[in-house]
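These are the residues of each chain, in order.
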Amino acid sequence: MLNLINTSFDNCLKCTVCTTRCPVAEANPDYPGPKQAGPDGERLRIKNPQLYDEALKHCTNCKRCEVACPSGVHVGTVIQLAKARHGGFKKGPREFMLSHTDLMGSLSSPAAPIVNAMTKLKPVKKLLDKTLGIDQRRTFPKYTGETFRSWFNKQSGTQASFQRQISFFHGCFTNFNDPTVGKDLVAVLNAMNIGVSLLKKEKCCGVPLIANGFFNKARKNAELNMSQFAHSLTKTECVIATEPSCAMTLRDEYPEVLEVDNSAVKDRIFFAAAFIAREFARGNLPDMKPVPLRVAYHSPCHLIKAGGVIYTMELLNSIPGLEVIMLDQKCCGLSGTYGFKKENYRTSQSIGQGIFDQIEALDVDYVVTDCQSCKMQVEMNTDRTVLHPLTLLAQSLT
Amino acid sequence: MKYNSIIIGGGLAGLTSAIRCAEAGLKTALISAGDSALTFASGSIDVLGFRQNNALVDYPFEAISQLPDGHPYRKLGADQVRQSLNFFTGQMAQAGIEMSCHGQQNHSRLTALGAMRPAWLSQPGAKPLSLAEPAAGLRRVAIINIAGCRDFQPALLAAGLKKHTDFAGVELTIGDIRADTISLTARNVYELRSLEIARLLKRDLFSRPEGLTTLASAINKAAGNADLVVLPSVLAVENGNQLIHQLEAHTGLRLCELATLPPSLPGMRMASALRQRYRQLGGLLLEGDEVVSGNFDNDRLLSITTRLNPSMPLTADHFVLATGSFFSRGLDSNPSSLTDKTFNLDVVTAGQRQHWSNQHFLNGSQHPFCYFGIETNDHFNPYQEGQVIGNLYCAGAVLGGFNPVAEASAGGVAISTGWLAAKQITAQYSDVRGNHVESH
Ligand SMILES: Cc1cc2nc3c(=O)[nH]c(=O)nc-3n(C[C@H](O)[C@H](O)[C@H](O)COP(=O)(O)OP(=O)(O)OC[C@H]3O[C@@H](n4cnc5c(N)ncnc54)[C@H](O)[C@@H]3O)c2cc1C
Ligand code: SF4
Ligand code: SF4
Chain A
1 MLNLINTSFD
11 NCLKCTVCTT
21 RCPVAEANPD
31 YPGPKQAGPD
41 GERLRIKNPQ
51 LYDEALKHCT
61 NCKRCEVACP
71 SGVHVGTVIQ
81 LAKARHGGFK
91 KGPREFMLSH
101 TDLMGSLSSP
111 AAPIVNAMTK
121 LKPVKKLLDK
131 TLGIDQRRTF
141 PKYTGETFRS
151 WFNKQSGTQA
161 SFQRQISFFH
171 GCFTNFNDPT
181 VGKDLVAVLN
191 AMNIGVSLLK
201 KEKCCGVPLI
211 ANGFFNKARK
221 NAELNMSQFA
231 HSLTKTECVI
241 ATEPSCAMTL
251 RDEYPEVLEV
261 DNSAVKDRIF
271 FAAAFIAREF
281 ARGNLPDMKP
291 VPLRVAYHSP
301 CHLIKAGGVI
311 YTMELLNSIP
321 GLEVIMLDQK
331 CCGLSGTYGF
341 KKENYRTSQS
351 IGQGIFDQIE
361 ALDVDYVVTD
371 CQSCKMQVEM
381 NTDRTVLHPL
391 TLLAQSLT
Chain B
1 MKYNSIIIGG
11 GLAGLTSAIR
21 CAEAGLKTAL
31 ISAGDSALTF
41 ASGSIDVLGF
51 RQNNALVDYP
61 FEAISQLPDG
71 HPYRKLGADQ
81 VRQSLNFFTG
91 QMAQAGIEMS
101 CHGQQNHSRL
111 TALGAMRPAW
121 LSQPGAKPLS
131 LAEPAAGLRR
141 VAIINIAGCR
151 DFQPALLAAG
161 LKKHTDFAGV
171 ELTIGDIRAD
181 TISLTARNVY
191 ELRSLEIARL
201 LKRDLFSRPE
211 GLTTLASAIN
221 KAAGNADLVV
231 LPSVLAVENG
241 NQLIHQLEAH
251 TGLRLCELAT
261 LPPSLPGMRM
271 ASALRQRYRQ
281 LGGLLLEGDE
291 VVSGNFDNDR
301 LLSITTRLNP
311 SMPLTADHFV
321 LATGSFFSRG
331 LDSNPSSLTD
341 KTFNLDVVTA
351 GQRQHWSNQH
361 FLNGSQHPFC
371 YFGIETNDHF
381 NPYQEGQVIG
391 NLYCAGAVLG
401 GFNPVAEASA
411 GGVAISTGWL
421 AAKQITAQYS
431 DVRGNHVESH
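Listed in order, the protein sequences are those of chains A and B. In this text, residue positions in the first sequence follow full-length UniProt numbering: the first is 1, and each later residue adds one. In this text, residue positions in the second sequence follow full-length UniProt numbering: the first is 1, and each later residue adds one.
Don't take each hint at face value.
[Stated by the list, open to error] Simulated coverage check for chain A against chain B, where a stretch passes if three residues somewhere in it have a Cβ under 8 Å from a Cβ of chain B:
id, segment
1, 184-195
2, 264-277
3, 281-287
4, 324-333
[Unchecked claim] The list that follows gives simulated cross-link-like pairs (lysine-lysine, DSS-like), each with its CA atoms no further than 27 Å apart:
id, chain 1, residue 1, chain 2, residue 2
5, A, K342, B, K202
6, A, K266, A, K90
7, B, K202, A, K266
8, A, K220, A, K203
9, B, K221, B, K2
10, A, K201, A, K217
11, A, K122, A, K154
12, A, K126, A, K342
13, A, K130, A, K154
14, B, K2, A, K14
15, A, K266, A, K289
16, A, K201, A, K220
17, A, K289, B, K2
18, A, K235, A, K220
19, A, K126, A, K203
20, A, K130, A, K90
21, A, K330, B, K27
22, A, K266, B, K341
23, A, K201, A, K183
24, A, K235, A, K57
25, A, K142, A, K330
26, A, K14, B, K27
27, A, K266, A, K14
28, A, K90, A, K235
29, B, K27, A, K289
30, A, K200, A, K142
31, A, K289, A, K330
32, B, K202, A, K330
33, A, K203, A, K90
34, A, K57, B, K202
Rather than coming from a laboratory, the hints here were simulated on the basis of the structure. This structure is a prediction, so every number in the text was calculated from the model and none was measured. Virtual Cβ for every residue (Gly too), placed ideally from N, Cα, C.
Kindly generate the complete structure, drawing on both the sequences and the hints.
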């Protein structure tokens with residue numbers, strides 16, 4: 001078979017716009033930035049693989065460069081694929097642990113109280129820092145004793161009684177760490193006369209796997225998820241996800257990064273807020289009571305990239321009495337597993353500083369964001385609690 | 001989902017329009033496929049710098065009446081152009097940048113190649129010179145580079161300046177500030193772009209209490225007692241104008257900051273100030289998504305579809321198309337025709353492809369293609385197959401009928417047409433609601 005090299009990076013005009021928006025290049029002078037790491041470097045690497053640059057490991061795949069590029073170059077993807085092709089990923093036990101979120105979840109969740117107590121202990125943190133290189137200054141996500149799926153199973157009967165049905169891709173975090181958002185989604189959709197069903201099986205969408213170079217595993221997950229989607233879409237209207245990175249990956253990254261064809265179902269995969277906003281626009285609006293709070297909204301990188309901020313803002317603005325202040329669209333710096341790695345701690349914190357400062361300077365009751373990774377980072381670095389937009393929406397239900 | 005107004009394109013034209021709509025309290029969304037031409041722009045605003053015969057324009061607003069029919073400024077009239085620029089200056093001031101001008105008169109701004117360009121508004125750091133006598137009061141000009149900065153060539157600037165007869169009697173000196181004297185610890189300074197220098201200075205120098213005085217004394221040492229010190233714009237992204245001001249106080253010198261090769265820090269500063277202003281007014285900014293089609297019903301645009309959310313059209317009462325020119329991909333061309341990429345609106349073109357441009361790229365004569373762009377009526381409503389679209393307005397570089405480069409009018413046309421689009425939109429709300437909506 002003819003192996004054609006993807007040369008779409010050649011749409012790059014060398015205008016440098018992407019470099020002006022890269023949070024890593026701003027925080028870490030060792031990173032040459034998206035233009036050089038992406039399209040410039042790709043030309044060289046095609047000529048000679050020896051010209052692969054180690055510094056590419058600094059890229060967090062936040063995709064801010066892609067959002068900024070006037071020529072539509074997929075800079076972040078070019079960088080991820082180059083790392084994969086040239087052995088640019090370190091795949092040690094730490095990377096395995098951080099990226100196999102569903103495996104870690106199913107191991108940890110049954111022993112949640114013990115695991116949670118352990119990961120809070122200083123000596124344990126020190127040990128993880130020394131042996132694995134997971135920075136001890138990080139707060140670890142807690143595990144839940146009752147997974148979202150087991151909670152959900154108790155009410156699958158209620159859900160089945162609704163005439164309209166959607167499938168919910170809950171993702172690892174909602175299932176194993178904090179089911180709140182999943183429960184809130186069920187409450188909101190039920191109030192709109194829509195029932196929720198789960199996929200018979202689901203695997204991690206693949207974001208942390210891609211970020212750590214486990215492309216084969218990610219591809220396997222993608223194939224399983226797609227066959228599950230195809231199956232469940234015969235009975236439900238669409239598949240929705242509450243986590244922006246999951247939604248972006250299922251819809252956009254499967255074909256672009258993993259080369260898994262999702263064209264048959266792609267247009268029926270939705271970011272939760274997009275689905276709900278469309279229902280609102282069609283008049284399917286639940287009764288809402290005022291939620292008299294002042295909140296600051298932080299837009300996650302992957303939600304910006306997927307074009308979803310407009311829907312979250314629509315939902316927040318529909319809640320009576322809620323005052324929403326939009327924070328500067330800057331990256332929080334954690335980028336999932338990136339900020340947990342010892343060598344990235346400083347960069348990660350320095351990227352997020354702008355957001356932390358802005359939040360501290362504002363007099364708000366809560367910070368709101370759609371992404372659980374952003375939530376972790378903001379809660380660790382400010383004294384505010386971070387809520388998911390759906391939690392506020394659920395609170396406003398009468 | 002429904003908005004009062006949706007603005008397509010986040011450049012100077014789109015941002016001006018969006019700010020004005022948001023300020024009037026309209027539910028506004030701004031969608032922009034990528035960053036705009038402001039990332040390359042000088043950070044000064046041209047209104048009208050040259051006449052059709054290439055002569056310099058002293059008073060841009062007065063010269064508007066002599067422009068050819070069909071020019072965007074002729075549709076606006078001088079008064080509205082002036083009002084729009086006042087609105088713009090006000091918004092920039094609210095976002096922390098006090099633009100300066102010489103009354104109603106143009107000034108000269110220096111370019112990194114030593115050319116003199118007429119402009120009407122400049123950021124304070126640009127140190128506007130007089131149009132008629134740019135060298136007035138200058139005996140010695142020092143051109144200082146951060147050693148190795150590859151975006152700025154002092155010798156080229158000096159050679160350019162020497163070509164002006166005004167500068168014949170001015171002594172030009174060239175100096176360097178070595179990276180290590182100002183605590184820059186980069187891998188290799190010779191690899192650095194202006195933006196990277198600014199970031200390093202912020203981290204390594206200005207984070208220290210004595211940072212400013214260190215830089216000030218390095219400038220003093222390199223510049224001596226020149227009447228004007230020219231520096232590449234590499235010092236700061238956000239608060240560059242304030243920093244120049246502080247350095248002037250410390251050095252006792254007059255410092256001029258020149259935009260370098262792209263990325264241009266003064267242009268980025270302007271873009272981020274405008275975005276910040278729009279956000280403060282409660283506007284919704286969507287970057288990285290692209291409008292791919294419109295749903296038209298006779299003379300109205302009902303909704304638009306974007307690349308990332310094809311199954312959910314966005315509805316609005318009014319739309320502004322400010323998608324820029326060829327570089328921003330607002331306009332597209334193929335061997336036989338020119339099109340508006342977004343909605344396929346009618347465009348102004350002329351003849352066969354071989355007549356679109358002159359043989360020589362930079363020979364001073366004008367290229368016909370510079371005038372190409374969307375054709376509109378006097379209200380800046382475009383046509384689709386001859387039919388006026390009444391609730392859609394076009395603004396900025398996507399418009400036909402003017403030559404941004406040869407006239408030096410890009411910024412002014414973007415601002416004034418963006419402003420007018422918003423003015424017409426907000427006026428309709430005062431009609432509908434029966435109460436008066438802001439009109440500057
Ligand atoms: C090198 C350079 C130097 C300049 N120097 C000066 C100067 O010194 N003084 C001056 O006054 N002016 C200058 N200008 C011009 C100035 O920057 C103006 O901004 C420019 O004329 C036009 O602004 P605009 O808003 O019309 O378009 P642009 O700035 O081109 O913005 C258009 C925007 O629309 C977006 N877009 C395109 N298609 C779509 C779509 N389908 N959906 C959504 N978004 C879309 C693009 O991504 C882009 O962000 C300069 C320009 C350049 C390139
Ligand atoms: S913004 Fe896009 S076109 Fe410009 S240098 Fe970066 S990748 Fe190339
Ligand atoms: S994906 Fe993010 S970190 Fe990577 S190059 Fe692009 S902007 Fe920089």
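Verification of the hints:
1. For the segment 184-195 of chain A, the stated coverage by chain B is violated: 0 residues have a C-beta nearer than 8 Å to a C-beta of that chain, whereas at least 3 were required.
2. As drawn, the segment 264-277 of chain A meets chain B at 3 residues by the rule of a beta-carbon pair under 8 Å; at three or more, the given contact holds.
3. Proximity of the segment 281-287 of chain A to chain B, defined as three or more residues with a beta carbon under 8 Å from a beta carbon of that chain, is not established by the 1 residues found.
4. Three residues within the 8 Å Cβ limit are the bar, and the segment 324-333 of chain A against chain B gives 3, so the coverage statement holds.
5. About 24 Å separates the Cα atoms of K342/A and K202/B, which keeps this hinted pair within 27 Å; it holds.
6. Distance check on the hinted pair: K266/A and K90/A sit about 32 Å apart at the alpha-carbon level, beyond 27 Å; violated.
7. Restraint check for K202/B and K266/A: not satisfied, since their Cα atoms lie roughly 44 Å apart, outside the 27 Å limit.
8. Between K220/A and K203/A the alpha-carbon distance is near 9 Å, which keeps this suggested pair within the 27 Å criterion.
9. Distance check on the hinted pair: K221/B and K2/B sit about 60 Å apart at the alpha-carbon level, beyond 27 Å; violated.
10. Our distance criterion of 27 Å between C-alpha atoms is met by K201/A and K217/A, whose separation comes to about 16 Å.
11. As the CA atoms of K122/A and K154/A are separated by approximately 37 Å, the hinted pair breaks the 27 Å bound.
12. Simply put, K126/A and K342/A have alpha-carbon atoms about 11 Å apart, close enough for the 27 Å limit, and the pair holds.
13. For the proposed pair K130/A and K154/A, the alpha carbon gap of about 42 Å is over 27 Å, so the pair is violated.
14. The straight-line distance between the Cα atoms of K2/B and K14/A is roughly 37 Å, outside the 27 Å bound, and the hint therefore fails.
15. For the hint linking K266/A to K289/A, the alpha-carbon distance of about 35 Å lies beyond 27 Å, and the restraint is violated.
16. Restraint check for K201/A and K220/A: the C-alpha separation of about 13 Å stays at or below 27 Å, so the hint holds.
17. Of the supplied pair hints, the one linking K289/A and K2/B holds, its CA atoms being roughly 22 Å apart against a limit of 27 Å.
18. With a CA separation close to 24 Å, the supplied pair K235/A and K220/A stays within the 27 Å bound.
19. Annotation: proposed proximity of K126/A to K203/A is violated, straight-line Cα distance about 31 Å (limit 27 Å).
20. Restraint check: the Cα-Cα separation between K130/A and K90/A comes to about 17 Å, which is no more than 27 Å; the hinted pair holds.
21. Our distance criterion of 27 Å between C-alpha atoms is met by K330/A and K27/B, whose separation comes to about 23 Å.
22. Distance hint between K266/A and K341/B is fulfilled; the C-alpha atoms sit about 25 Å from each other, no more than 27 Å.
23. Annotation: proposed proximity of K201/A to K183/A holds, straight-line Cα distance about 19 Å (limit 27 Å).
24. For a cut-off of 27 Å, the pair hint linking K235/A to K57/A is broken: about 43 Å separates their Cα positions.
25. Under the criterion of a C-alpha separation no larger than 27 Å, the hint pairing K142/A with K330/A is consistent with the structure, at around 26 Å.
26. At roughly 36 Å between alpha-carbon atoms, K14/A and K27/B are farther apart than 27 Å, so this suggested pair is violated.
27. Note on K266/A and K14/A: the hinted pairing is violated, with a Cα-Cα distance of about 32 Å set against a maximum of 27 Å.
28. Annotation: proposed proximity of K90/A to K235/A is violated, straight-line Cα distance about 42 Å (limit 27 Å).
29. At most 27 Å may separate the alpha-carbon atoms for a hinted pair to count; K27/B and K289/A meet this at roughly 22 Å.
30. As the CA atoms of K200/A and K142/A are separated by approximately 25 Å, the hinted pair is consistent with the 27 Å bound.
31. A C-alpha spacing of about 32 Å is found between K289/A and K330/A, which places the hinted pair above 27 Å, so the restraint is violated.
32. Between the alpha carbons of K202/B and K330/A the distance comes to roughly 18 Å, so the proposed pair stays at or under 27 Å and holds.
33. In summary, the hint linking K203/A to K90/A is supported, as the alpha carbons are separated by about 23 Å, within the 27 Å threshold.
34. Proximity of K57/A to K202/B is assessed by CA-CA distance (about 24 Å); at most 27 Å being required, the pair is judged to hold.
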